[in-house]
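K.L.:
As given, the protein sequences belong to chains A and B, one line each in that order. To convert, note that position 423 of the first sequence is 412 in the numbering used here; the numbers rise steadily by one, no gaps. To convert, note that position 181 of the second sequence is 194 in the numbering used here; the numbers rise steadily by one, no gaps.
Quick caveat, the hints were computed from the structure, so don't treat them as lab data. None of the values given here were measured: they were computed from a predicted structure. For each residue, glycine too, the CB sits at the ideal point set by N, CA and C. Keep in mind that the hints are not guaranteed to be accurate.
Distance windows between CB atoms, simulated [to be verified]:
# : chain 1 : residue 1 : chain 2 : residue 2 : range
1 : B       : H168      : A       : A315      : 21 to 27 angstroms
2 : A       : Y109      : B       : P238      : 57 to 63 angstroms
3 : B       : I167      : A       : A57       : 31 to 37 angstroms
4 : B       : G152      : A       : Y435      : 43 to 49 angstroms
5 : B       : I167      : A       : M277      : 39 to 45 angstroms
6 : A       : Y109      : B       : I92       : 37 to 43 angstroms
7 : A       : Y435      : B       : Q40       : 38 to 44 angstroms
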Amino acid sequence: MATAAVTTERENYLNAEYGIKSWLLTTDHKRIALLYLISITFFFFVGGFFALLIRLELLTPAGDLVLADTYNKLFTMHGQVMVFFFLIPSIPATLGNFLVPMMVGAKDLAFPRINLLSWYLYIAGGLLMLLCILTGGVDTGWTFYTPFSTGFSNTNVTEAGLAIFINGFSSILTGLNFVVTIHRMRAPGMTWSRMPLFLWSTYATSIIFLLGTPVIAITLLLVVMERAFGLGIFDPTRGGDPVLFQHLFWFYSHPAVYIMILPAMGVVSEIIPCFSRKRVFGYKAVAMSSIAIAVFGFLVWAHHMFVAGISLYAALVFSILSYLVALPSAVKVFNWTATMYKGSISFSTPMLYALGFIGLFTIGGLTGLFLACLGIDVHVHDTYFVIAHFHYIMVGGALMGYLGGLHFWWPKITGRMYPEAWGRLSAMIVFIGFNLTFFPQFILGYLGMPRRYWQYPPEFQVLNVFSTAGASILAVGYLLPMVYLLWSLRYGKLAGDNPWGASGLEWTTQSPPTTFNFDETPEVTWEAYDYEHIPLPMEVTLER
Amino acid sequence: MSDSPLLVEHPEHDNPALLHHFATPEQQRNTASLGMWLFLATEVMFFGGMFCAYLVYRYWYYNEFAAGSRSLDIWLGTINTVVLICSSLTVALGVKAAQLGKRKQLVGLLLATLVFGVAFLGIKGIEWYQKYEEHHIPGHSFDVSDIIQNYPQIHIDPSHSQIYFSLYFAMTGLHALHMIVGIGIFAFLTYYSWKGKYGPEYYTPIENGGLYWHFVDIIWIYLFPLLYLIDRKPLR
């Protein structure tokens, strides 16, 4: 590999400019994507550290590793860091930032400076969150439920609320940039029906960013103001209504689940056709199901509140609407499966992640139906069943999609290939570790183990030991890519412009791309996923 | 490449305002305009959360809301509404002046907008100070015994009154914050208009700044009746 380093590199976005200033003041969407990649990886490991401590505490039935109060802080900060500082920005801010302009055939996002601003807002929010963690943490649960958060908790609720408030503006600006870019910056010939499905799901995600995030912003601001100035809006002793807080909170935070899963679905929709060498089955259905998920996603929030004292009729309507989300989700799963049918499938690393995604997302989605059912929800509400369900969606779904996408576009982003064998191995480790961690939690929850307790009856120990063992395996599965991806930056094989023989405008550019992506504005005359007409590169053919 | 890539002009165009990643000035203008409208949509959702809370509590605690509303100074509120509508007029005329390239007129209109904006905040400050003196600010020294004495006919629960005033200060406070941001934007626009940056070829910032100003104005148009005019009939 020493020869690779000697070869004169073509000018690209990475070597166009040097120095810390050229990174911190860049307006290049690809460099901003890398800034995000580094920062969200940092927060992923912060959140992962909390997860590790939680699992270690739950290894034994007694509360012996940390104090009860510390445990409350651990699961709170695990949730807040993972949801707001990793999962929500994960795919949109890294892969989305990198790919949206390239996929539409533009030189940059519509508002490059606002894009940079959004990263700085993320960092400002992140630093405040770190300050909150280091000065004692917060113990309200990631949901900030009132009146505990407003009147009783004497931890750093204000700091955490403001951190997430600031971070919300970063999401809003990213979403705004994507919607405007997809509307106004498409290259000639790039019609809506020729757009890659990743763009459709990014578009749907951005709509949720735009319409949902402001609501959590004002809600958290009201919580902060209630703590700071003594407003009584959510305080039941003064006639305020905590259930109103829950409505406002979940009006964003339920759609936020779709912010996490939709981009991962977009990634999977790119990977599956590429490694099946087939046109995606039912393009329009998959595209429209993204929009449908975003729309339905706004109409189901109260299914988090079935036991919070909302009216039975409201609960009925929200239950039915929640079932409806299964329709577009199933449309996607069936269409991906149909895409693979009779395809020429190769089990490369991104494909392994995509296949893992389909399986885990299906389990996560189906158990979601249990929770949408009014009767069963009463039984499993606030148990480990819920924990397992949403981790299947967020970790099994969103995180698998993110890792798959990162591997798939790694050659484009860095110009280097990662070691394939290590990639496949770690994909398998993640899949096995994940199931071992979270499947026992379904059973625990069904048997009645409540969430957010740091002690439990001894009969639950076996399943908890499985879960903790799985979490350790999962940790290895996340550390491995970290190591070999960094290794590949220097020692990886040079990738070439289109190592997978993939469709899409981003693969028509050099790897890594130049600062302005395209030398000339491309003109699109073909449909997305025209795999029947894309020849496989010689190397890939030989590998099969 | 020493400068930010944004400053690199497109070689095919001689329009210095056209950024490198746009093909035509029309595309750039449409893009900026769509971005602004979407931003305003997020602002609607932002204020929407509070309007939602207002709706719920006004329905539950109507008496306290009506009594709280009567305690506001309707004259100052009305004057402020007129001031803001006038400021929107000067903004609208300013956009026209920019499109026609009338620089002096543009600067004059923007300055007038700034004056109206500052006047609004000043009057709002007087109103808040009145509330401070009356102990109507939520918190430990909150006291509505004066309101209760004024309306012995109706039952008023002080804690529910506090919710009205919580919403009053949260809503007008965030509105005022938006006004302050707007004044900052317009100070910026006035400076660059005076420098002659905007004209018939390039007036997008004036147009988008104007959209923001009108939006903040419209929020007030809703806040005024919701907070001041709940029930002004004389009580018997």
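K.L.:
Now look at each hint and say whether the structure bears it out.
P.N.:
Okay, the hints, checked on the actual structure:
| no. | hint | verdict |
| --- | --- | --- |
| 1 | B/H168 - A/A315: 21 to 27 angstroms | violated, 49 angstroms |
| 2 | A/Y109 - B/P238: 57 to 63 angstroms | violated, 39 angstroms |
| 3 | B/I167 - A/A57: 31 to 37 angstroms | violated, 48 angstroms |
| 4 | B/G152 - A/Y435: 43 to 49 angstroms | holds, 47 angstroms |
| 5 | B/I167 - A/M277: 39 to 45 angstroms | violated, 54 angstroms |
| 6 | A/Y109 - B/I92: 37 to 43 angstroms | holds, 40 angstroms |
| 7 | A/Y435 - B/Q40: 38 to 44 angstroms | violated, 56 angstroms |
Going through the hint list in order, the structure does not satisfy hints 1, 2, 3, 5, 7.
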